[in-house]
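2 protein chains.
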Amino acid sequence: MYGQIGKLIALPGKRDELIALLLENVDAMPGCLSYIVAADASDENAIWVTEAWDSKESHDGSLKLPGVRKSIDKARPMIAGFGDSFNTMPVGGRGLQVTKTA
Amino acid sequence: MYGQIGKLIALPGKRDELIALLLENVDAMPGCLSYIVAADASDENAIWVTEAWDSKESHDGSLKLPGVRKSIDKARPMIAGFGDSFNTMPVGGRGLQVTKTA
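These protein sequences, in sequence, are chains H and F.
Mapping to the working numbering: the first sequence position 2 is 2, numbers consecutive.
To convert a position in the second sequence, counted from 1, into the working numbering, add 1000.
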């Protein structure tokens, strides 16, 4: 499995709108096992996206999907910057869409 | 919803064993919507745990469950330390066990 944990900073007042865009394609990304969008509890402009995929190829491929590209284009003007970003290798847990993993 | 993103550092050579302990109770934690354990891709001793719960109370309550306490006791000697930790408010996504959220 391949995973990412990443922080985005929304422009002031734009966090909710940006979160909605990040959630637009969650059910149309092949190989996506988990994709959770969360507001940071202490920074009113920060968003966390935690992802698990069956492979890095699936993740990279998702960025080329027309629906995802459209959402990214709409989201870009609302993003003030990026914070911490971590690459992971998910091992298991609760909430992964499949039990057997790549 | 209530969420946490946290990093643990295992003692050298103990990461796999520690991950197994962290996964022991994933299906027996009331209110847990997602709980994914991942190995860090660049630090061979680091582990990420990303969690989503219906409430902070459910999260806090899980730490009092006998099974969880037992696993924590077994895990403690393998933990070298803790890294970054972030509290979040998950909004939505793929891989949450319930659709309607607290």
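These are computed hints drawn from the structure, not numbers from a lab.
Some hints here could point you the wrong way.
Derived contacts from chain F toward chain H, CB cut-off under 10 Å, selection only [claimed, not checked]:
no.: 1; residue: L1022
no.: 2; residue: A1039
no.: 3; residue: N1045
no.: 4; residue: W1048
no.: 5; residue: S1055
no.: 6; residue: E1057
no.: 7; residue: L1065
no.: 8; residue: G1067
no.: 9; residue: P1077
no.: 10; residue: G1081
no.: 11; residue: F1082
no.: 12; residue: N1087
no.: 13; residue: P1090
no.: 14; residue: G1092
no.: 15; residue: R1094
no.: 16; residue: Q1097
Capping the alpha-carbon separation at 27 Å, the derived lysine-lysine pairs in BS3-like fashion look like this [unchecked claim]:
no.: 17; chain 1: H; residue 1: K56; chain 2: F; residue 2: K1014
no.: 18; chain 1: H; residue 1: K7; chain 2: F; residue 2: K1070
no.: 19; chain 1: H; residue 1: K14; chain 2: H; residue 2: K64
no.: 20; chain 1: F; residue 1: K1074; chain 2: H; residue 2: K7
As the structure is a prediction and not an experimental result, all values here were calculated from the model.
Even for Gly, the Cβ is constructed at its ideal location relative to N, Cα and C.
Hint check:
1. L1022: holds (8 Å)
2. A1039: holds (4 Å)
3. N1045: Nearest chain H Cβ about 13 Å off; hint violated.
4. W1048: Holds. Min distance 5 Å.
5. S1055: Hint on S1055 of chain F: violated, closest Cβ of chain H at ~13 Å, above 10 Å.
6. E1057: violated (15 Å)
7. L1065: With a closest approach of 14 Å, the L1065 of chain F hint is violated.
8. G1067: The hint is violated - G1067 of chain F has no Cβ within 10 Å of chain H, the shortest such distance being about 14 Å.
9. P1077: violated (20 Å)
10. G1081: At about 17 Å, which exceeds the 10 Å cut-off, the nearest Cβ of chain H leaves the hint on G1081 of chain F violated.
11. F1082: This hint is violated: F1082 of chain F lies away from chain H, its Cβ roughly 15 Å from the closest one there, beyond 10 Å.
12. N1087: holds (4 Å)
13. P1090: Hint holds; P1090 of chain F Cβ to chain H Cβ min 4 Å, cut 10 Å.
14. G1092: holds (5 Å)
15. R1094: Where the cut-off is 10 Å and the nearest Cβ of chain H is about 4 Å from R1094 of chain F, the hint holds.
16. Q1097: Q1097 of chain F check passes; min Cβ-Cβ to chain H is 6 Å, inside 10 Å.
17. H:K56 <-> F:K1014: Judged against 27 Å, a Cα distance of about 26 Å means the pair holds.
18. H:K7 <-> F:K1070: Violated, because 33 Å separates the two Cα atoms, which is more than 27 Å.
19. H:K14 <-> H:K64: holds (25 Å)
20. F:K1074 <-> H:K7: violated (32 Å)
Violated hints for the displayed structure, listed by number in ascending order: 3, 5, 6, 7, 8, 9, 10, 11, 18 and 20.
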